[in-house]
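Protein chains: 2
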Amino acid sequence: MKTLRDIETPALVVDKGVMMRNIRRMADKFAGHGVPLRPHVKTTKCATIAKLLLDAGAKGVTVACLKEAEHFLEQGIDDLLYAVCLTPNKLPRVKKLIDKGAKLSVIIDHIDMAEMAADFCQKNRLTLPMWIEVDCGENRTGLKPEDPRLIDLAQAIFDHDHLTLVGVLTHGGHAYGAGAVDDIKVIAHEERLAALAAKNRIESHLKVTTLKVSIGSTPTAVHGETFEGIDEVRAGVYVLGDLFQWQLGSHDVSDIAVSVLAQVMSVEEGKKVITDAGGLALSKDRSTQKSDQDFGFGLLCNENGQLFDPQAIVNGVHQEHGEIYATKQQPHLPPDMMKVGALVRVLPNHACMMAAPYDRYYVVDGDHVIIDQWAKTTGW
Amino acid sequence: MKTLRDIETPALVVDKGVMMRNIRRMADKFAGHGVPLRPHVKTTKCATIAKLLLDAGAKGVTVACLKEAEHFLEQGIDDLLYAVCLTPNKLPRVKKLIDKGAKLSVIIDHIDMAEMAADFCQKNRLTLPMWIEVDCGENRTGLKPEDPRLIDLAQAIFDHDHLTLVGVLTHGGHAYGAGAVDDIKVIAHEERLAALAAKNRIESHLKVTTLKVSIGSTPTAVHGETFEGIDEVRAGVYVLGDLFQWQLGSHDVSDIAVSVLAQVMSVEEGKKVITDAGGLALSKDRSTQKSDQDFGFGLLCNENGQLFDPQAIVNGVHQEHGEIYATKQQPHLPPDMMKVGALVRVLPNHACMMAAPYDRYYVVDGDHVIIDQWAKTTGW
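In the order they appear, the protein sequences are chains G and E. Mapping to the numbering used here: the first sequence position 217 is 351, numbers consecutive. Mapping to the numbering used here: the second sequence position 111 is 245, numbers consecutive.
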């Protein structure tokens, strides 16, 4: 029997029981709405977890880079939506994926990209399925439903033999800035209505009735109440959960399934503990900085995933050092971690950022026994 | 001839001419002092660059994790100092490295770790060279020169047949918080004096005269004036340079040799440009937040590495999106980047954090022609 005491740190740990509960909760909600999920697997970057999501009813997965798409395709997961606006230099790799059998679709928001893609596809005898990204208020990429460029872009895609217009897609990412659950409910409405408005405008212009609608983010998926007219919902962080989603009201702290295992390298009795999980191991994400509770660079658990009493956070990081100081807010550091060689687990501010650099998950279920290892992908 | 237009983004780019100038400047300075460098290669994580450093006179390299040590040893670089305090779970991997021929030394600051290492080494018939880390004011790891535990730790290492006390090591990392170059000069003095004080105390207690002294950080190496009594200087960021070091006064902006190549995916004329280099590609490091100039998530150059006029920064990041907005500070975004498919290069706040996730450098020399590719290591 191998446990977390037998591996090297820093290491990425996932609690399977907690994760499966998260997966089932979201699957049950959307089964109730009769709307399939296409989970965003940029959070987990792991084909084993993607298969558990598909087993729970997901219709496919969403990826944030083509390296992810390759990882999933290699493991037989072929229904892939690449949901970051395409750039021209990625076209050859997109072609390779489609040639290998991926049912890959991409998103764009600019007519220049449609034209560059059309040229490439014509030269390479490729048909490329595309979604138009709609901006429902996030103000990142995408066109507003009322933007005249929306129709021009739709027409350009529709007209070109080598491009297929699948539908419209939006991301209610501004829910991450919401102050309260009621605000998230409003944003969930806006997200759905913006996508439907864009779809209706394009359909009425092109005289078609075939466009699909893809929406979603973890907060709007959790708190959204109506999904009528929606063809699929993309959410991703809910699978692992994190401190920021907890603060947003997406789930409880006990729903956080992912952590980084670290070992204590240095202690100053009562004052300071230094671990080997620093800025690279935890990421420098500070999502909770403006939350009700600021968790620094992560919240500390023991090796079994139980919160310390009193709670303690990672106050600072260097590249390979995590710093835990006694402060006014946490005057008494947990004695259990006050020993060179002690193991701690750090819950993330932002699961996607923390998990990204690791090449595997060590899988536990409620304690520190390793029941499995799951490979994941990294980089681009 | 391949150029930056022929590769996929995000990608890590190093300008060889600029880097070699950085390497030579530091090598010349320390050749003048008669003190060898042991550059910290956690910044670059690249054996090809390490060999260029050795060619320029470095006596060996410093690493921040054992994966780095393995990468360098595989490429024939065997003089390795692992300069993050050892934890017990890394002992088996340390042994493997030494068994494979690495002249590896480690650092510790706690007697418990000395005892655990001694037990392991005795059982495994290993002799482990150790440095004691001294805290010269950084307040991270290490013991103050006057701390009574310093002598106990030195005695414990000295007494054990399987441990060798190489010397004392310190890192003037608090220079990163210095307000002005004069403050850095003071910290450079403190760094040297703290290390020498610790060495003298231990030598006088143990009645030996053989201890080595290792010090260094990029700011204190650049601005330090006296290195008498010092056996080696560890600095790393100077090889690539970054915006934070520029703000600290370690070098000029034209000395920044590293950037991330990104491609524009979305534009809103005059208002907003979105690229494919986001929080993972640039890191979420915000080192310059409190500098005279806050560069957001990085300063933008064109594909040839020339700063745009007017200058522009990456204002925000999502996982795979970089956001460049027109603001009061930068009301006019450079027209050259206002086009889907345009290439930009982003100079980092903190080179070590930005370079970490990439598996290679695309090497250029003053323009956008790729003259080489250098493999690097990632992860732990």
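Read the hints as simulated data drawn from the structure, not as lab findings. All figures in this text were calculated on a predicted structure; none of them were measured in a lab. Wrong hints could be hidden among the right ones.
Copies of the same chain look alike in the list, so a pair counts if it works inside one copy or between any two.
Claimed, not checked - Straight line, CA to CA, 25 Å or less: simulated BS3-like cross-link-like pairs of lysine-lysine: (1) K278 x K405; (2) K462 x K424; (3) K405 x K230; (4) K234 x K185; (5) K462 x K193; (6) K201 x K136; (7) K406 x K150; (8) K237 x K136; (9) K278 x K406; (10) K234 x K278; (11) K136 x K229; (12) K406 x K136; (13) K185 x K201; (14) K319 x K406; (15) K163 x K136; (16) K278 x K229; (17) K136 x K230; (18) K473 x K136; (19) K473 x K229; (20) K150 x K136; (21) K193 x K150; (22) K346 x K424; (23) K150 x K237; (24) K237 x K462.
Status of each hint after checking the structure:
{"no.": "1", "hint": "K278 x K405", "verdict": "between (53 Å within a copy, 15 Å between copies)"}
{"no.": "2", "hint": "K462 x K424", "verdict": "both (19 Å within a copy, 23 Å between copies)"}
{"no.": "3", "hint": "K405 x K230", "verdict": "neither (55 Å within a copy, 34 Å between copies)"}
{"no.": "4", "hint": "K234 x K185", "verdict": "within (19 Å within a copy, 40 Å between copies)"}
{"no.": "5", "hint": "K462 x K193", "verdict": "neither (49 Å within a copy, 45 Å between copies)"}
{"no.": "6", "hint": "K201 x K136", "verdict": "between (31 Å within a copy, 22 Å between copies)"}
{"no.": "7", "hint": "K406 x K150", "verdict": "neither (32 Å within a copy, 41 Å between copies)"}
{"no.": "8", "hint": "K237 x K136", "verdict": "neither (39 Å within a copy, 31 Å between copies)"}
{"no.": "9", "hint": "K278 x K406", "verdict": "between (50 Å within a copy, 14 Å between copies)"}
{"no.": "10", "hint": "K234 x K278", "verdict": "neither (35 Å within a copy, 60 Å between copies)"}
{"no.": "11", "hint": "K136 x K229", "verdict": "between (43 Å within a copy, 21 Å between copies)"}
{"no.": "12", "hint": "K406 x K136", "verdict": "neither (30 Å within a copy, 51 Å between copies)"}
{"no.": "13", "hint": "K185 x K201", "verdict": "within (17 Å within a copy, 30 Å between copies)"}
{"no.": "14", "hint": "K319 x K406", "verdict": "neither (42 Å within a copy, 28 Å between copies)"}
{"no.": "15", "hint": "K163 x K136", "verdict": "neither (36 Å within a copy, 51 Å between copies)"}
{"no.": "16", "hint": "K278 x K229", "verdict": "neither (29 Å within a copy, 59 Å between copies)"}
{"no.": "17", "hint": "K136 x K230", "verdict": "between (40 Å within a copy, 20 Å between copies)"}
{"no.": "18", "hint": "K473 x K136", "verdict": "within (22 Å within a copy, 53 Å between copies)"}
{"no.": "19", "hint": "K473 x K229", "verdict": "between (54 Å within a copy, 23 Å between copies)"}
{"no.": "20", "hint": "K150 x K136", "verdict": "within (16 Å within a copy, 46 Å between copies)"}
{"no.": "21", "hint": "K193 x K150", "verdict": "within (21 Å within a copy, 47 Å between copies)"}
{"no.": "22", "hint": "K346 x K424", "verdict": "neither (36 Å within a copy, 46 Å between copies)"}
{"no.": "23", "hint": "K150 x K237", "verdict": "neither (29 Å within a copy, 41 Å between copies)"}
{"no.": "24", "hint": "K237 x K462", "verdict": "neither (55 Å within a copy, 44 Å between copies)"}
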